[in-house]
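Colleague: Each chain is listed here by its residues.
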Amino acid sequence: MNLKSLTFKGGVNVPGHKEMTENLPIKRAVEPAVVTIPLHQHTGAPCEALVKVGDRVKVGQKIGQSDAFVSASVHSSVSGIVKSITPMAIPTGLIVDCIVIESDGKGELDEPITEPKDLEELTSDEIIQIIREAGITGMGGAGFPTHVKLSPPSGKKIDTIIINGAECEPYITADHRNMVEEPEKIVFGLKVIMKAVKVEKGIIAIEENKLDAISALIEASKDEPNITVIPLKVKYPQGDEKRLIDATLNRQVPSGGLPMDVGAIVCNISTTKAIAEAVQMGKPLYERVVTVTGNGIKEPKNLIVKIGTSFKDVIAQCGGFTEDAPGKIIMGGPMMGISQFSIDVPVIKGTGSILVLTEEEAKPVKVSPCIKCGKCLEVCPVKLQPLYLSTFSLKGRFDKAEEFHALDCVECGACSYICPAKRPLVESIRIAKKEIITKRKKAN
Amino acid sequence: MDSKGINISKTEELVLENKLLVSSSPHMRSNESVQRIMLDVIIALVPAMIGSVYFFGINALKLILISVASSVLFEALIQKAFKREVTINDLSAVITGILIAFNLPASAPWWLPIVGSAFAIIIVKQFFGGLGSNFMNPALAARAMLLTSWPSHMSTFTGTRPDVVASATPLAIMKYGMATDGAASATVEAATSASQGAGVELPMLMDMFVGNIPGAIGETSALLLLVGAVYLIIRQVIDWRVPVFYIGTTFIMLVLLGVETEFLPYHILGGGLILGAFYMATDYASSPVTPMGRIIFGIGAGILTAIIRVKGGYPEGVSYSILLMNVATPIINKYTSPKVFGEVK
Ligand code: SF4
Ligand code: SF4
Numbered sequence: 001m002n003l004k005s006l007t008f009k010g011g012v013n014v015p016g017h018k019e020m021t022e023n024l025p026i027k028r029a030v031e032p033a034v035v036t037i038p039l040h041q042h043t044g045a046p047c048e049a050l051v052k053v054g055d056r057v058k059v060g061q062k063i064g065q066s067d068a069f070v071s072a073s074v075h076s077s078v079s080g081i082v083k084s085i086t087p088m089a090i091p092t093g094l095i096v097d098c099i100v101i102e103s104d105g106k107g108e109l110d111e112p113i114t115e116p117k118d119l120e121e122l123t124s125d126e127i128i129q130i131i132r133e134a135g136i137t138g139m140g141g142a143g144f145p146t147h148v149k150l151s152p153p154s155g156k157k158i159d160t161i162i163i164n165g166a167e168c169e170p171y172i173t174a175d176h177r178n179m180v181e182e183p184e185k186i187v188f189g190l191k192v193i194m195k196a197v198k199v200e201k202g203i204i205a206i207e208e209n210k211l212d213a214i215s216a217l218i219e220a221s222k223d224e225p226n227i228t229v230i231p232l233k234v235k236y237p238q239g240d241e242k243r244l245i246d247a248t249l250n251r252q253v254p255s256g257g258l259p260m261d262v263g264a265i266v267c268n269i270s271t272t273k274a275i276a277e278a279v280q281m282g283k284p285l286y287e288r289v290v291t292v293t294g295n296g297i298k299e300p301k302n303l304i305v306k307i308g309t310s311f312k313d314v315i316a317q318c319g320g321f322t323e324d325a326p327g328k329i330i331m332g333g334p335m336m337g338i339s340q341f342s343i344d345v346p347v348i349k350g351t352g353s354i355l356v357l358t359e360e361e362a363k364p365v366k367v368s369p370c371i372k373c374g375k376c377l378e379v380c381p382v383k384l385q386p387l388y389l390s391t392f393s394l395k396g397r398f399d400k401a402e403e404f405h406a407l408d409c410v411e412c413g414a415c416s417y418i419c420p421a422k423r424p425l426v427e428s429i430r431i432a433k434k435e436i437i438t439k440r441k442k443a444n
Numbered sequence: 445m446d447s448k449g450i451n452i453s454k455t456e457e458l459v460l461e462n463k464l465l466v467s468s469s470p471h472m473r474s475n476e477s478v479q480r481i482m483l484d485v486i487i488a489l490v491p492a493m494i495g496s497v498y499f500f501g502i503n504a505l506k507l508i509l510i511s512v513a514s515s516v517l518f519e520a521l522i523q524k525a526f527k528r529e530v531t532i533n534d535l536s537a538v539i540t541g542i543l544i545a546f547n548l549p550a551s552a553p554w555w556l557p558i559v560g561s562a563f564a565i566i567i568v569k570q571f572f573g574g575l576g577s578n579f580m581n582p583a584l585a586a587r588a589m590l591l592t593s594w595p596s597h598m599s600t601f602t603g604t605r606p607d608v609v610a611s612a613t614p615l616a617i618m619k620y621g622m623a624t625d626g627a628a629s630a631t632v633e634a635a636t637s638a639s640q641g642a643g644v645e646l647p648m649l650m651d652m653f654v655g656n657i658p659g660a661i662g663e664t665s666a667l668l669l670l671v672g673a674v675y676l677i678i679r680q681v682i683d684w685r686v687p688v689f690y691i692g693t694t695f696i697m698l699v700l701l702g703v704e705t706e707f708l709p710y711h712i713l714g715g716g717l718i719l720g721a722f723y724m725a726t727d728y729a730s731s732p733v734t735p736m737g738r739i740i741f742g743i744g745a746g747i748l749t750a751i752i753r754v755k756g757g758y759p760e761g762v763s764y765s766i767l768l769m770n771v772a773t774p775i776i777n778k779y780t781s782p783k784v785f786g787e788v789k
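Residue numbers (the working numbering), protein chains in the order written: chain A, 1 to 444; chain B, 445 to 789.
Treat the hints as calculated values from the structure; they're not laboratory data.
Take the hints with a grain of salt, since some may be wrong.
[As the list claims (entries may be wrong)] Distance condition first, Cα-Cα at most 30 Å in a straight line; then the derived DSS-like pairs of lysine-lysine: (1) 783/B with 363/A; (2) 395/A with 755/B; (3) 27/A with 312/A; (4) 783/B with 434/A; (5) 778/B with 400/A.
Build out the structure end to end from the sequences listed, making use of the hints.
Modeller: Below, the structure is given as C-alpha cells:
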C-alpha cells in the first residue's frame, strides 16, 4: 500500500483548531420540539410540498419533492403535525419555503424507502434511484444532488471514485468522527457508489492529521482490494475537489470543467455515510453530524442533529455562548463558511458545523494598500493573481477580471487569509464572478 | 429544552444593535502584517548596521540615524500635506532610511542622507502613491540621484582603518588598476597579497567577506548581510528566487565576459551585490509579483550588472541594474502571468 502523503501545489497552512472536538465521540442531540425543513436546501429546482398544514407526518416521511432531475427530496426529521408552510431564512442566506413541524416526541418511523437488500442484488439504476429517493446531496456544503453527480452523461468515462476525507477547514471534525466511529459504513458507502457508477477503483483520501481515521479506514477496507486509503499532507484547501484529484490521481481538471472530465467523481464523507444508510437501512437523509465549536461555545460537541433543528436549539445544548461571544456565527468553517444574521435558522443537509467566534476573533481587520508582496499568488491553488483580480473588481472592470480567469477562482479564501495588508481579495473576486455570470446569462 | 441560564436572546439584541458580524468568508486571517514584514527586514539589517559602526566608526551610526529620522519625518510630513493617512507605523520608511545610509561612504557629509531621504520618500515613494505603488526602489533611486549630483561625496571611500584617509573599493581597483584620487598610496591590506604587484592591492578575500574593506557603510560585509538574508528567507519575507538568480547570473556572465577566476569572488562579495540582491532587488513594489517574473528579474539584473562592470564606465553596477529592472517590472509582470490550473491553451 502506498502510504506516501500526497498533495497539490500552492495552498497555505492554517491553524487547525480541531482539538476542541476531535476526540469527542458523536452524541445524539436532544430531540427538537419544532423543526423547520426548507424545501430548497440544494442546488437545483426547489421541492413542492407534499403535505398540508395540519397533516400528521412520521420520521423519514417524504414531505417535499420535485419532478426536475436536478433536485433533492426532503423528508421529515420528526413525527408530528405540520404547523405551517412559509418562506423563512435559511443559513445559506436565502429565504425559501419551509415546512414547520411540531414534534409529538414519539419519533414514529415511516416505512423505510427500500427493503434492506444485498449490494450484490442491486443494479446501478436501482442504487441511483434509492439515493434520489433518500434526498441525498453533497453534504460538504455545495448541496449538489448526489444522484445527479453519480449519473454522468454517457460520454464521460469514470474510472475512480474518491471519498473526500480531507476535512481541511479548520475547527470542523464531523467527517473525522464519522470516519473513526463508522469506518465500515464509509467503506460500504464507497462500494455502493462504485457499483452505481460501475467503477473498479475507489480511493479514500484523508489528511494525515487524522491518523486514527486513516488506520480505522485501512482496517475497515483491508478485504477490499479495489479500495485504497491515501494520506494527504495537511494543507488548505486540500479538500477542494480539483486539488484532491490532482493530489491523488495527478490529473488536472480543465479550467471550467468538472471532475468527471478527468474520469473522477468526488464524494464527501458524510454523503457517503448517508448513502450507506440509505441502502443498508432504507433511511433517507433527515439527520447529520454537526460539529458545534469555536471559542464562543461553552461546550463544543459533535452532535447528530435532525435536519430542521434551529441553530438556537443546537447552541443551547452545547452550553450556549461564552461571555465574550457571539462575535460571529458561521455555518461551515472559518475559511469558506457563511456568517449568519441570526440563530433562528435551521440546520440543513449542508450544515457540517456551527462555528461561533468571540467578539475579539470577529473584529474586522484594518485594510491597507497592497504592498505587492506576491503572497496571494503563491498560495492560490488555482494559480490566479488575486491582487489584480481584486483591483479589477473593485474598479468595476469585470471584463478584465474575466480575462484574468476570475471564474476559475474556487473561493477558498487562501489569498485573503495570507494577505499581510488584509485586502478583501476573495470577497471582491466573488463580486466579479457574480457580475461575469450575470452578464453571460444575459448574453445568452 | 432547558435553555435556562443561557443567554440566547443575546444574539437577537446583538443583531439589532448591529453587533453580530456578518461578512463574506474567510472569517479567519493569518497574523501576517505589513508592519511585521517590515520589522523582519529591519531585524535582518541589524547585524550589518552593527558591523558598519564597528568597521567605519561612529560616523556610520550618525549617518544611519540621520537617514532614518529624516525618512520617517518626510513620510509623515508629506502624508500630512497630501491629506493621506500617516502610515509611519508600517516601518517602511525606516527601512528606506537604513538602506540610503547603507549606500553612503562613511565620509559623507551629514546633509547627504537628508537630501537622499527627501528624494526617496517624497518623489519616488509618495508621489507615486506610497508604499506598494512606487515603481522604483526609493533607496536605490536616491543613491543614483546623489551619485549624479555629488559624485565626489558619494565615491570618496574611507578605509576601515583609522590611518587610512581615503582608498578605493576593490571593484575600483580591479576596474582602474589603481585607486582614484589621493588613494594611490593607501595600502588596503598588509603586504601579504603583494602578488598583485604595483599599485593598490586587493584586500584579502576574508576581509572582504567579513566587511573589513573600503566601501559604502552597509554593503561591505557580505557575511553580516547574509546572516540577515537567511533570516528573511526563513521567515518567508523575501523570495529566494530573486537573489539566487541575480547572483548566479552575475557570476556566469562575468565568466562569459572573460573575467579571470581569481577576481570573481571580489565581484560577488563586493560592490553592493549582496546588499542589492537580497535587500533591494527583493523590494516588493518595484519587483515582479509572479514567480517566473522574479526569476527573469534576477537574471536580467545579473546580466546588466556584469555588463556594466566589465564593459561600462562604472566599477560597480548593482544600483543601475536594479533600477533598470524596476522599470521593466510592469512588463515582466504582464508577460509572466502564471498558467492557471487546468488552463488549456
Ligand atoms: S498578498 Fe495582499 S499585499 Fe501581497 S500582493 Fe497579494 S494583495 Fe498585495
Ligand atoms: S483567488 Fe480564489 S482560488 Fe485563488 S486563493 Fe483566492 S479564493 Fe482561492
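Colleague: Next step is simple, just say for each hint if it's right about the structure.
Modeller: Verification of the supplied hints:
1. 783/B with 363/A: violated (36 Å)
2. 395/A with 755/B: violated (46 Å)
3. 27/A with 312/A: Roughly 18 Å separates the two Cα atoms, so the pair holds.
4. 783/B with 434/A: Between residue 783/B and residue 434/A the Cα gap is close to 23 Å, so the pair holds against 30 Å.
5. 778/B with 400/A: holds (13 Å)
The earlier numbered hints that this structure contradicts are 1 and 2.
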